[in-house]
Amino acid sequence: MSVEVIQPGVCTTVQDLGRYGFQQHGVIVGGAMDSFATRVANLLAGNQGGEAVLELTLKGPALLFHEDLVIAICGGDMAPVLDGKRVDRNRPIWVKRGSTLQFSHAKKGCRTYLAVAGGWDVPVIMGSRSTNFRAGFGGVEGRLLQPKDRLKTNEPGEFSRFLASAFSEQAGANSSVQADWYVPKATFTYGANPVVRVIRGEHYDDFSSLSRQSFWEEDFRVTPQSDRMGYRLEGPQLTLSSPLEITSEAVTAGTIQVPPSGQPIVLLADRQTTGGYPKIGYVASVDLPVFAQLKPGDRVRFQEVSVGDAQRALWERDSELKQLRVAMELISGWRQR
Amino acid sequence: MERHTYFPLGDSGVVVKLGNEIDQCTHQKIKRLSALLQDEPFPGMVEIVPGYTTVTVYYDPILLYDPKGGSTPYERVLGFLNPFIARAQSGEAREPRLVEIPVCYGGEYGPDLEEVARYNGLEPEEVIRIHSGQDYLVHMIGFAPGFPYLGGLDERIATPRRSIPRTAIPQGSVGIGGSQTGVYPIVSPGGWNIIGRTALPLFRPENEPPSLLRAGDLVRFRPISPKDYDEQKEVTS
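For the record, the sequence lines run as chains L and S. Residue numbers for the first sequence, in the numbering used here: 8 to 344. Residue numbers for the second sequence, in the numbering used here: 5 to 241.
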């Protein structure tokens with residue numbers, strides 16, 4: 008036993024970086040909507056980066072800790088409070104057993120990630136711990152968290168244990184300790200009205216020239232009919248120059264498909280594996296975390312990027328994460344032992 | 005060599021289009037290319053998804069990135085794929101696997117059988133005979149875990165989708181939607197006409213692979229009695 012759910016929040020699930028290799032069997036990839044915040048939160052908890060985290064949506068849970076744990080909170084700001092005291096995001100926090108961590112509504116962004124040393128211990132199914140709640144497997148019994156759920160953690164790695172012992176020495180009578188170092192907020196570009204990079208889709212040229220122009224120049228608004236499967240957007244109507252006959256084929260996270268209504272749908276983590284609507288573009292993987300932090304009512308604009316440039320940006324992002332791990336090991340004193 | 009085309013699926017995938025029509029020739033090429041890539045994945049390949057006329061190949065652009073500024077990961081993947089595509093253009097057609105699916109038609113397990121018969125001016129028994137009287141080709145698995153896109157429904161029993169979709173169709177339901185037929189592997193909403201149900205699980209997360217069917221298989225529906233269904237259900241649940 009380790010952490011107990013007092014209040015589950017609106018939609019709290021266990022997620023990792025996704026379930027790959029089974030799309031040909033109709034099994035969705037799923038995984039954290041904001042993979043960047045997930046990886047940073049894991050690094051801060053002393054993990055390698057792909058361990059299972061909790062994904063909190065719009066309003067977070069209240070959790071009771073039954074053991075001492077190193078945790079980290081990244082992504083959207085749900086004003087986390089530990090035993091009545093506000094705690095920061097983007098830095099390691101040592102939590103003493105008996106403490107309660109309470110999240111509120113998302114004040115900035117839409118999704119918050121809670122990583123723990125060792126990662127959450129739920130069964131690995133088809134290579135992943137992610138919750139597939141439509142098919143009912145993965146995570147905690149394939150569902151959203153409920154009151155009284157008990158979540159265990161895996162055995163923490165050496166770096167996590169080093170952080171824990173350093174913090175517990177500092178703690179004294181306090182119920183928590185926050186590291187005096189952190190990842191700068193600027194690392195996460197969650198702002199209002201972001202510009203998101205988009206690669207042209209297979210059917211881009213089949214849209215009218217006016218539609219193509221509006222696609223890059225006008226705002227799109229996230230509608231309330233948006234979830235982990237996809238975001239429905241509202242904006243200029245996008246119309247084809249002439250009707251297209253498309254057979255169902257694979258779709259990916261970030262695929263921007265346009266149904267006959269002319270209002271685009273951006274497919275996300277829990278998308279179906281196949282789809283048959285015209286594809287005007289794809290949100291670049293590196294910007295999917297920014298997109299996934301939008302909530303209903305937020306506006307977004309698209310900016311064209313080439314496949315090569317999108318891939319370079321993704322590689323650079325990955326390099327930054329590797330540097331972050333090294334920086335953490337240095338600043339925490341782990342490297343000087 | 006036959007013509008094929010490529011296009012990028014965002015920054016982490018490429019779609020190889022092997023034909024424009026849903027026909028046997030294209031299907032054989034898709035099957036061969038899928039098998040070749042499964043057997044000998046290239047470095048950085050993540051997974052493949054066969055479609056009606058396409059094979060989508062997912063790859064890891066970070067692993068394939070060249071910091072020295074050579075070709076892009078996308079270009080490198082095209083380089084890897086070309087010899088596979090050349091090999092997939094020819095070769096023997098593999099003997100497809102035949103999977104028999106026992107179906108209890110009509111009654112409480114197939115509430116729309118009467119409606120399908122009425123719409124097509126047939127007796128329910130004829131609908132069953134036609135539906136179970138031929139083999140169906142699995143073009144791809146998608147929409148839901150283990151859900152087969154089947155080809156080959158007889159137009160005599162094609163029936164439009166119901167005007168009001170059901171919110172929860174039971175697991176194992178066999179349906180007809182327009183000129184398509186298929187089996188719902190998990191409980192899901194849907195507008196197809198449900199003509200029967202099978203106790204055979206089409207999707208089990210604990211199995212390897214989790215899906216009973218895969219692209220290229222042939223499916224044959226075999227009518228069984230409600231008693232047989234109940235007995236089989238007992239065994240499989």
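These are calculated hints, taken from the structure and not from any lab test. Where a beta carbon is used, it is the ideal one built from N, C-alpha and C, also for glycine. Hints are not guaranteed to be accurate.
Label-pair distances were calculated between CB atoms; the ranges are [as the list claims (entries may be wrong)]:
| no. | chain 1 | residue 1 | chain 2 | residue 2 | range |
| --- | --- | --- | --- | --- | --- |
| 1 | S | E25 | L | T194 | 25 to 33 angstroms |
| 2 | L | E252 | S | V239 | 37 to 45 angstroms |
| 3 | L | D316 | S | Q42 | 28 to 36 angstroms |
| 4 | S | L126 | L | Q310 | 51 to 59 angstroms |
Sample of chain S residues facing chain L (criterion: CB under 8 angstroms; computed from the structure) [stated by the list, open to error]:
| no. | residue |
| --- | --- |
| 5 | P12 |
| 6 | S16 |
| 7 | I52 |
| 8 | T57 |
| 9 | T58 |
| 10 | S215 |
Results of checking the hints against the structure:
1. Checking the proposed 25 to 33 angstroms range against E25(S) and T194(L) shows it is violated: the Cβ atoms sit about 49 angstroms from each other.
2. Separation of E252(L) from V239(S) is about 44 angstroms and conforms to the stated range, judged on CB atoms against 37 to 45 angstroms.
3. Range check, D316(L) to Q42(S): about 31 angstroms between beta-carbon atoms, so the 28 to 36 angstroms window is met.
4. Distance hint check for L126(S) and Q310(L): the Cβ-Cβ separation is about 56 angstroms, which falls inside the suggested range of 51 to 59 angstroms.
5. The criterion of a C-beta within 8 angstroms of any C-beta in chain L is met by P12(S), whose closest approach is roughly 5 angstroms, and the hint holds.
6. The closest approach between the C-beta of S16(S) and any C-beta of chain L is roughly 6 angstroms, which is under the 8 angstroms cut-off, so the hint is satisfied.
7. Evaluation of the I52(S) hint against chain L yields a held restraint, the C-beta minimum of about 6 angstroms falling below 8 angstroms.
8. The closest approach between the C-beta of T57(S) and any C-beta of chain L is roughly 6 angstroms, which is under the 8 angstroms cut-off, so the hint is satisfied.
9. Checking T58(S) against chain L: minimum C-beta separation of about 5 angstroms stays under 8 angstroms; hint holds.
10. Given the 8 angstroms rule on beta carbons, the hint for S215(S) holds: about 4 angstroms separates it from the nearest Cβ of chain L.
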